[in-house]
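Residue numbers (my numbering), protein chains in the order written: chain A, 1 to 524; chain B, 1 to 403.
Please note: incorrect hints may appear among the correct ones.
Calculated cross-link-like contacts (lysine-lysine; reagent style PhoX-like; alpha-carbon spacing at most 25 Å) [what the hints assert, rightly or not]: (1) Lys-4(B) to Lys-25(A); (2) Lys-491(A) to Lys-258(B); (3) Lys-491(A) to Lys-5(B); (4) Lys-258(B) to Lys-288(B); (5) Lys-189(A) to Lys-4(B).
The hints are simulated quantities; they were obtained by calculation from the structure and are not laboratory data.
Every value quoted in this text rests on a predicted model; they were computed, and no experiment measured them.
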Amino acid sequence: MLFNSYIFIFAFLPFTFLGYFFLAKHKSGETAISFLVLASLFFYGWWNPIYLLLILVSMAVNYGLGETIVRRRNSQKFKQAQGFLIYGLIFNLGLLAYFKYANFIVDNINSLFSSGFNLDEIILPLAISFFTFQQIAYLIDAYRGITKEFKFSHYALFVTFFPQLIAGPIVHHKEMLPQFMQMDNLKPKLENMIIGLTIFSLGLFKKVVIADGVAQYSTPVFDAAAAGEALSFFIAWGGALAYSFQLYFDFSGYSDMAIGIAKMFGILLPLNFASPYKSLSIIEFWRRWHMTLSRFLRDYVYISLGGNRKGDVRRFANLFATMLLGGLWHGAGWTFVFWGGLHGLYLVINHGWHYLQRKAKLEFLHQNLLWRVFSWFLTFFAIVNAWVFFRASSFTAAVVMMEGMYGFNGVAIPNAIFARLGGLQTILNQIGVTSFIGGGSQFMFTYLWVSALLVAVLLPNTQQIMNSHPDAQLRSPYALCDQGLLSGKLKFRYGVCWAMVSACALVIAVFGLTRVSEFLYFQF
Amino acid sequence: MSIKKYALIYGLSIIVITGLLASINYFIDPYLLYGSNRISGINDKKPATANRSALFKPYQAIAVKPTTLVVGNSRPEMGINPESSCWPNHYGTIYSLTFPGMSFYGQIRALFHAVSDSPVENILLGVDFVDFLQLREQPKKNYWPPRNSDFFDRLRVDEKSNSNSSYRYNQLKDFSAGLFSLTALNDSVSTLLSQNVNSVNRTHLGFNPARDYLDIIRHEGPRVLYRQKMNELNKRFEQPGMSVYDAKLWSTEFEGLKRTIQLALAQNIQLTIYINPYHYSYFEAIEKSGYWPEFEAFKKGLMQVVKQYGQNKVALWDFALYSNYTVSPKPSKKEAKKFLRWFWEPAHYKAKLGEYLLSDMYQQSCVKKKLSPVGVKLNDIDIDRHLAKQRQLSAFMTLQIEQ
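Just chain A, with the same shape it has in the complex:
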């Protein structure tokens, strides 16, 4: 079930909300928690009930292993605890490898050795990457002695809690399980509802209105690249920029919705995005983008590989390897690995630059506005380039995009615009700018959207808007202090203006769930 669907907004969410607090009041907290687990499983099974079995087995095995590890550890049997941890890792990574990477591995073996292994298409179970990572973290922490013993129902809720189940944030047992045990959270609070609904509305608006709105300007360009069409400079850049914004608003909107829904239930989820496109460096970008994934990769991959404890060369190698894995986590394909590797390379360069900056005493540059603008531009440029590999359906398609973006197919603008440029036409012709027929309005709207969103990302983010209110304190895995444009005015408070803005965002976003179909010359 998707958050941005009628069934979720008008049926599942109200029913679950009312049921949970009704049971908490009239039965017991444990009954309410069990109800929430069942509701979350229903939410998960709505997509494909057969995979309920998978998540149930995964939870049962991990819970059992976690409890065993804790007990062995408590009785000083560290070797045995380590053994169970290894079983747990093999089990979790094995499931992930089978469901997410088996086809990818077989395809690569076939390509390398010209073999003909055949594996039926395995459907990727929803959210397997998320719940696997959460449970791996749980097992590792059990081994490290951080995890306590919990009831199965609480553990099951930590894994399946529907707001974060499908697309994160990747939550940590330390921040979730104690919240489920607080009796105070079992009482419905109007402020939680209002704040939660406001954050949900902002998220729904980001997803439905902005991300889905701008998608229509990126998808056709990437489709054209996949079909091998030569793309001119502005078309390719328009597609890449539109996709960069689509992805951000889609993912960030979904995270906001998750945070908002959880807040309605009195649960605080960690923030996942903090205006990543405001970053002045790639290091900063990864502190702002998909923060809970960065946290997981840092705590459980990078540090486990040795982190920065074994010298600079090993540190950079660890960083690069972590990013490669991060890329692979996003999808079973070489384009994702390349994307991760590219970011690994960016990070290594960025750390190298910081080292040089310190040595050459150039830190003062950070205070210089021009330098900051340049840093922002360079960072954003690097990010957009990398997204092309993330989005493209194949390496070939990504290369086609890149050829367009780097002017291999010339620079052209639609004739409808070109014809209206008057005297400029001659100058443009002289510098090699040509025109093409059709696509005028698509071109214009692409750049209008891109320009508007470029400004929008400079505004305060949800956390910055909401944190100004005592009822709306949100939790961020990283401390960030910048505010963004209009930060003085965009502060949430209980007032007519905010009530109307929030209602407007909700209504427009719900309106966005329905589309009036178009008929664009399809034969049917």
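Once you've looked at the hints, dock chain B against the given chain A.
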């Protein structure tokens, strides 16, 4: 402000904003769904209807209760004006049930839908070579199969002419989407902002005045439209292996034609079928691609079906021929006007030429003196001689161009 008061204002705002936005969509009526008044400068032009004929025309065709239907694709939509003075006076309310880019199957299904609930007495069916020219696989068992899409869900009758039980539900869904959707809101705003005289539009009778082409021609010149369409056509005809019928010498399209004729005869409807005119450069594209024999097979096929099922009551006209109207210079800087006299681009004729078509078919003296006959009534002539003559003209034109 207290949180309770905030929650109250919030709740009320949701209700008020929802009502307000739906009212705007109803008043502007960007898709011509609700029959709201069209006010000049506010919502008279309907640019959002451009790609939504399949949405609003099935409903509009029922609401208008026409006695005459123009059926076809974008060519009659732009070329045959229901409000032309060339229609016989007794033809009553004429509605253009025409769908750009839609298959012939879809056009005929829409026709059955409209006839199911309106006192239709006359049908003018414009047929098109490209609608009949398809990739054919093995001969089909069923030439008139059911098809699923939003469009077919909006029709009152299914492929067997049985009543569609979900029609009302689908209507409710479409009408609510027109009120409670962001697409509609967006289109309402763009409707408000696009009220100049040459905006994209559809009239209440389904006609496309195509005045937006004037803007394109003014700013970019007629060659742009011409080149764009020729590129599309050449691309379409580049596809090898297409034919107008399969090994059984039959197709869904001819089946549709047969069913239309049978419907007309059964309900005593006056049916006139005509082949849309093209600019001669369109013929060139057919010739170059090697599809000229299929073009002839198309005309012969039409003739045979009309003869076999029409009981001499169905008229068949051919306007897709070399004539003083279809042969005019291709648009160049010097001679754009001559081309633009009858055509927007090679595939779409202007309503002015449409009036000549109507004048021919209905023997109306509504146009200025004709240069020569615009079309030929195929019922009365030897089709082989007619096709041979067109072949000669085609060869002659090719020779002229080569010289």
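So, going through the hints one by one against the coordinates:
1. Lys-4(B) to Lys-25(A): Holds, at about 21 Å.
2. Lys-491(A) to Lys-258(B): violated, 68 Å
3. Lys-491(A) to Lys-5(B): holds, 19 Å
4. Lys-258(B) to Lys-288(B): Given that 25 Å is the threshold and the Cα spacing comes to 31 Å, the pair is violated.
5. Lys-189(A) to Lys-4(B): OK: Lys-189(A) and Lys-4(B) at ~11 Å, within 25 Å.
Hints 2, 4 from the earlier list are contradicted by this structure; the remaining hints agree with it.
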